[in-house]
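Q: Given next are the chains, with one letter for each unit.
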Amino acid sequence: MAQPELGDEILRLDNLNVHFPVKMPFVQRLLQREKAVVHAVDGVSFSIHSGEILGLVGESGCGKTTVGKASVRLLNPTSGRIFFAGQDISKIGGRSLRTLRRKMQIIFQDPHASLNPAMAIGRAIGHPLWIHGSEFGIQNLSSTVFRERVQQRVLSTMREVGLTPEEQLYDKFPGDLSGGQKQRAVIARALILEPDLLVVDEGVSMLDMSIRAKVLELMLDLKRQHGLTYLFITHDLATAKFICDRLAIMYLGRIVEIGPARDIYADPKHPYTKALLQVVPIPDPDKRKEKVLPRGEVPDAVHPPAGCRFHPRCPAVLPSCGWEGRDFVDFLDEHLSDPKRAGDDELVLGPIENWRTNGLVASLEAKPLNIEEAVERVKAVLAEAPIAMAQAIESVSTHKRTVIIHFRPPNELRQTQVGDRIVECLLYQ
Amino acid sequence: MDPMLQVQDLSVHYKTRRGFVRALEELRLDAIQGETVGVVGETGSGKSTLGKAILGILPAGTQVDGKILFRGRDLTQLSNQMYRRLRGEEIALIFQDPMTRLNPLMTIMDHFVEEIRDHESVSADEARRRAREALVSMGIHESRIKNYPHEFSGGMRQRIMIALAIVLKPSLLIADEPTTSLDVIVESQILGILQDLKRAYSMSLLLITHNLGIVAEVCDRVAVLYAGKLVELGPVRDIFRKPLHPYTQGLLSSIIHLETKELHSIEGSPPNMIAPPSGCRFHPRCPYAQSICVERLPPLVEFEPGHFAACHFGDKFL
Ligand SMILES: Nc1ncnc2c1ncn2[C@@H]1O[C@H](COP(=O)(O)OP(=O)(O)OP(=O)(O)O)[C@@H](O)[C@H]1O
Ligand SMILES: Nc1ncnc2c1ncn2[C@@H]1O[C@H](COP(=O)(O)OP(=O)(O)O)[C@@H](O)[C@H]1O
Ligand code: SF4
Ligand code: SF4
Ligand SMILES: [Mg+2]
Ligand SMILES: [Mg+2]
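As you go down the protein sequences, you meet chains A and B in turn. In this text, residue positions in the first sequence follow this note's numbering: the first is 1, and each later residue adds one. In this text, residue positions in the second sequence follow this note's numbering: the first is 1001, and each later residue adds one.
These aren't lab readings, by the way, just hints derived from the structure by calculation. One or more of the hints may lead you astray.
[What the hints assert, rightly or not] Straight-line Cα separation of at most 30 Å, DSBU-like style, residue types lysine-lysine; simulated pairs:
{"no.": "1", "chain 1": "B", "residue 1": "K1169", "chain 2": "A", "residue 2": "K289"}
{"no.": "2", "chain 1": "A", "residue 1": "K223", "chain 2": "B", "residue 2": "K1261"}
{"no.": "3", "chain 1": "A", "residue 1": "K289", "chain 2": "B", "residue 2": "K1261"}
{"no.": "4", "chain 1": "A", "residue 1": "K103", "chain 2": "A", "residue 2": "K223"}
{"no.": "5", "chain 1": "B", "residue 1": "K1015", "chain 2": "B", "residue 2": "K1067"}
{"no.": "6", "chain 1": "A", "residue 1": "K291", "chain 2": "B", "residue 2": "K1169"}
[As the list claims (entries may be wrong)] Label-pair ranges, simulated between beta-carbon atoms:
{"no.": "7", "chain 1": "B", "residue 1": "R1028", "chain 2": "A", "residue 2": "V37", "range": "52 to 62 Å"}
{"no.": "8", "chain 1": "B", "residue 1": "L1105", "chain 2": "A", "residue 2": "S50", "range": "47 to 57 Å"}
{"no.": "9", "chain 1": "B", "residue 1": "V1301", "chain 2": "A", "residue 2": "E148", "range": "52 to 62 Å"}
{"no.": "10", "chain 1": "B", "residue 1": "A1060", "chain 2": "A", "residue 2": "G94", "range": "49 to 59 Å"}
{"no.": "11", "chain 1": "B", "residue 1": "K1169", "chain 2": "A", "residue 2": "I131", "range": "28 to 38 Å"}
{"no.": "12", "chain 1": "B", "residue 1": "K1261", "chain 2": "A", "residue 2": "D344", "range": "54 to 64 Å"}
{"no.": "13", "chain 1": "B", "residue 1": "Y1288", "chain 2": "A", "residue 2": "Q152", "range": "47 to 57 Å"}
{"no.": "14", "chain 1": "B", "residue 1": "K1261", "chain 2": "A", "residue 2": "R159", "range": "24 to 34 Å"}
For glycine and all other residues, C-beta sits at the position ideal for the given N, C-alpha and C.
The following block holds chain A by itself, in its conformation from the complex:
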């Protein structure tokens, strides 16, 4: 199949990192050896070409909003570079940043929160023109000529986004508008400066189904008619399927799979992508089916799991995926909290707080009874553990009165080209 002609590169992220400091009490900060940070975005690279819609999909907290905000420089990158239309914008500030803002706009999830309830819709939509007025070569912002020009632009933009009858709605307040109308007003306000890039962060998630389609159609129209380029952020793969050309699947600060949307839907590669596709509800009561879901929830981004970050939840996990000391302790905790399985293991291996972990190692200073007993119990528990975890263990040894579990180091995880796609998973390396 012939590749569609790609437009100019509009946005490129090159190994973007955004880390946030963790807020904690002063004393704790003093005691901490390293500075704790949230690894919100950890080595993200992609590019978006003119007229393209790139979908960024993942669960909450995985870093989508942070990528979106950093892309339009509402956030400073910790490291890595951001290029907009070929220009490195990672470090620019002040005036150059303000000029740039005209060309890149961001829309957030909640249209109610995005509009000032005390400002009439028409004024709100025209507001960016007043702020950027001087860049249009207009000195006297209060001139009637300018005011008239703004109003004309606002009315035509309102027409364009289907916020009609525009003359009537111009003086209405957000409270008088429906959810769909409010989101149209937010889009109109973003479009009024004729940006080249629109970042839409969960821009339709809050809308009722019955109006969601209209807003999506509007976005597609704007792309077709003005060649508008989008970074479309969502957690909903069904919506993304409809409007995205390419997809980037994000998990805990990293992109785990990226490629043409059609290919990803037809044949997802990464186990996380497969899981996300599986949970899209099927609106057909005759097609109910059991699902094999990943365990638990997205872990804390302050201490992301070693190796592949998805490994504690991955249904396809291998022994080489990143098993470490705390995985054993988590499993043991689960084991001990189920009295039927645990028997009197608690007496020998508990309480769970007595376990120490350090990277690949988990250890327990055994109670004075019998260290051999503790080793036996650990081995018995491991026999019930996920097979991949058990196989990742190098040794269960003792040192004086301490039981020590050593895991093998994980294989190095690399981004691998699979057809038109890049996948970060050991299954494809």
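With chain A held as given, fit chain B with the ligands onto it using these hints.
A: Relative to chain A, chain B with the ligands alone:
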């Protein structure tokens, strides 16, 4: 089987400065033991109002007409004290945002002990034992029981809420958008848990949601609300295969799923609930509306066994 819950001609009108908001108008609905009834509709259609009315937690001054029979007893006539007993013991509610129900200053254990001892005279030890059992059944580790709500993730808090709701083994569980604030994968996990529970205790579940995909996956019957009116009610298969009300048809075709080829939406927006449209409330947005629709309120008609719709032309869609 006799219905466990029978809502009969329930009207709920909220008092506001601009006038009465007619959030529910002559609603009829029932649920038998062990079944899951989905309540769907756009925002503002009255779904949460129905849940609150059943639980007797509507704001003071709200005008309530009609009957809510629970095991034959009319809840609208219940004294506050009786209602307090009933809530939790017989009927429990799971909210969209668990933090609105959990007290940030109380440990999880304390929440349970309070809930249990409010309703039953058992020892603190017995209450703790039951709390532990309920939490473990929801996959919360015993070691976390003395933690505070903020120390849990969103999905865990929702599981704690569910554990708290079922600890007294109520026979009716009302879940108002229980998964809307959760991640897609966690949402799926929680729905699985609710299904298992329902089976284990043969509880009835009233699942309030705007997500029709979820309804297709877990419900036995569906009630569709539009602007405070019940417009369609029936077995989930009938509703998805052969929707009789034009609003239901619009809702179903606007679902975006993986096989969607074309986007559809319902023209217009939900009506003003202080002065709703005459006749059929859907007429300003209905592609099939005729003059009779403006003049006359369509009655709820049983077009097929168990499948009701309130449309003058419902038989056309059979
Ligand atoms: N306390 C209240 N006072 C006045 N009006 C209210 C009150 N609570 C709800 N309403 C109104 O009653 C109608 C029904 O509201 P309800 O919360 O039941 O809708 P819903 O179907 O649950 O919507 P959503 O999907 O947004 O949760 C709406 O018009 C709403 O604005
Ligand atoms: N301003 C901030 N300060 C500290 N942590 C933050 C901040 N913004 C986001 N985070 C954290 O960074 C991670 C990614 O967040 P976010 O980009 O909002 O994710 P998403 O949009 O995918 O839900 C989360 O762990 C979140 O708690
Ligand atoms: S590398 Fe692949 S198989 Fe291994 S845990 Fe990650 S996603 Fe699963
Ligand atoms: S009664 Fe008339 S307006 Fe109402 S749904 Fe039926 S056809 Fe449409
Ligand atoms: Mg976000
Ligand atoms: Mg509600």
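Q: All hints are to be evaluated individually against the structure, with a verdict given for each.
A: We went through each hint and held it up to the structure:
1. B:K1169 / A:K289: holds, 28 Å
2. A:K223 / B:K1261: Holds - the C-alpha atoms of K1261 of chain B and K223 of chain A are around 19 Å apart, at most 30 Å.
3. A:K289 / B:K1261: Given pair K289 of chain A, K1261 of chain B holds - Cα atoms ~23 Å apart, limit 30 Å.
4. A:K103 / A:K223: The hint holds at about 15 Å.
5. B:K1015 / B:K1067: Holds, at roughly 20 Å.
6. A:K291 / B:K1169: holds, 27 Å
7. B:R1028 / A:V37: 52 to 62 Å: holds, 57 Å
8. B:L1105 / A:S50: 47 to 57 Å: holds, 54 Å
9. B:V1301 / A:E148: 52 to 62 Å: holds, 57 Å
10. B:A1060 / A:G94: 49 to 59 Å: At roughly 55 Å between Cβ atoms, G94 of chain A and A1060 of chain B fall inside 49 to 59 Å, so the hint holds.
11. B:K1169 / A:I131: 28 to 38 Å: The hinted range 28 to 38 Å is violated for K1169 of chain B and I131 of chain A, with Cβ atoms some 59 Å apart.
12. B:K1261 / A:D344: 54 to 64 Å: Given about 60 Å between the Cβ atoms, the range holds.
13. B:Y1288 / A:Q152: 47 to 57 Å: Violated: the Cβ-Cβ distance is about 40 Å, outside 47 to 57 Å.
14. B:K1261 / A:R159: 24 to 34 Å: Since K1261 of chain B and R159 of chain A have Cβ atoms about 29 Å apart, the given range 24 to 34 Å holds.
Going through the hint list in order, the structure does not satisfy hints 11 and 13.
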